[in-house]
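Engineer: Chain by chain, the residues run as shown.
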Amino acid sequence: MRADHLLPAFVVGLSIWCMPTAQAADVIRITIDKVTFAPAAVSARVGDTIEWVNDDFVAHTATARNKDWDLNILPHKTGRLTLTKSGTFDYYCRYHPQMKGQLTVAE
Amino acid sequence: MLKIMSGAVAVLLLSAVAAPAQNAKLNDAQIAHIAYTAGDIDVKAGELALQKSKDKAVRDFATSMVNDHKAVNDKALALLKKLNVTPQDNDTSKALAKQAADKRVELSKLSGAAFDKAYAANEVAFHKTVNGALETTLIPSASNGELKELLQTGLKLFQGHQQHAEHVVAGLK
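As you go down the protein sequences, you meet chains A and B in turn. Quick note on numbering: my numbering labels position 17 of the first sequence as 17, and the sequence is numbered without any gaps. Quick note on numbering: my numbering labels position 6 of the second sequence as 6, and the sequence is numbered without any gaps.
Bound-form chain A, shown alone (with noise of 0.2 Å):
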């Protein structure tokens, strides 16, 4: 009979420690070196957060080919773009449209 007390505590407590914890969202950085994306493809989740480091000594753009976002990244600095939609993202320089990358984003 006492066992029948015990159980419910017993059944909460295993579902706190079974309960899958939530993702961490993570920051993934891309270098823009020698008018390069590096690396040209990543995977990412929403939440995420993507950051482009440019290392050039000139200006830089990660525009969106579906025009979703265009961010402009001025020479030794850093733009950064929190993902919100899942799917595949080819994007692109504008000043150098020879410079390809792609993001995959899951859910």
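Keep in mind that a hint or two might mislead.
Quick list of in silico lysine to aspartate or glutamate cross-link-like pairs, EDC-like style, CA-CA up to 16 Å [as the list claims (entries may be wrong)]:
(1) 148/B to 135/B
(2) 34/A to 149/B
(3) 156/B to 107/A
(4) 75/B to 55/A
Label pairs and their calculated CB-CB ranges [what the hints assert, rightly or not]:
(5) 173/B to 34/A: 28 to 38 Å
(6) 98/B to 106/A: 55 to 65 Å
(7) 171/B to 84/A: 21 to 31 Å
(8) 80/A to 88/B: 39 to 49 Å
(9) 149/B to 51/A: 22 to 32 Å
(10) 63/B to 43/A: 32 to 42 Å
(11) 104/B to 43/A: 41 to 51 Å
Derived from the structure by calculation, the hints contain no laboratory data. Note that the Cβ used here is the ideal one computed from N, Cα and C, for glycine as well.
Model the placement of chain B on the given structure of chain A, informed by the hints.
Structural biologist: Below, chain B alone, put in the same frame as chain A:
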């Protein structure tokens, strides 16, 4: 007319740097002078466009030209100072500068859409010419490793400029 002018410069630039002249190969001081002159030409062209154009795409492009070419030229000057090299004027630089001055006079007589189209078209032609010279002659001829590296980065930037200019031309049609 514009095509003939740009073609003449292309021939002049490529023959002056590629054909054996009385001084044979270009030295680093001359290469730096040519690269610097080309950059300065595009800064001046961009400044003219910012005075004249009201088109956003043209203005954004011109701003990028002024910023990028100034930045590359600043890097070039700093490197030359470090290497204790004085840029050396030469026939190629003189020809480039003369043709560019004539082109600026021609462009400054235009306005509105006519200016925008002529400026953008000339930027495509100019970058094609300079990029070709960098790739086939100036970079291969450069002795100093740091100069070579700067010219290689410059070439990547200027290839981007050529593409950007082509987008602007397409948008103005």
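Engineer: Hint by hint, say whether it matches the structure.
Structural biologist: Hint check results:
1. Restraint check for residue 148/B and residue 135/B: satisfied, since their Cα atoms lie roughly 11 Å apart, inside the 16 Å limit.
2. Restraint check: the Cα-Cα separation between residue 34/A and residue 149/B comes to about 10 Å, which is no more than 16 Å; the hinted pair holds.
3. At roughly 36 Å between alpha-carbon atoms, residue 156/B and residue 107/A are farther apart than 16 Å, so this suggested pair is violated.
4. Distance hint between residue 75/B and residue 55/A is fulfilled; the C-alpha atoms sit about 14 Å from each other, no more than 16 Å.
5. The beta-carbon spacing between residue 173/B and residue 34/A, approximately 33 Å, falls within the hinted interval of 28 to 38 Å.
6. Distance hint for residue 98/B and residue 106/A: a CB-CB separation of about 58 Å, consistent with the stated range 55 to 65 Å.
7. Taken as a hint, the range 21 to 31 Å holds for the pair residue 171/B and residue 84/A, whose Cβ atoms sit roughly 29 Å apart.
8. In this structure, residue 80/A and residue 88/B meet the distance hint of 39 to 49 Å, their C-beta atoms being roughly 45 Å apart.
9. In this structure, residue 149/B and residue 51/A meet the distance hint of 22 to 32 Å, their C-beta atoms being roughly 26 Å apart.
10. For the hinted restraint 32 to 42 Å between residue 63/B and residue 43/A, the CB-CB distance of approximately 34 Å keeps it satisfied.
11. For residue 104/B and residue 43/A, the hinted distance range of 41 to 51 Å is satisfied, since their beta carbons lie about 49 Å from each other.
Checked against the numbered hints given earlier, the structure breaks only hint 3 and satisfies all the rest.
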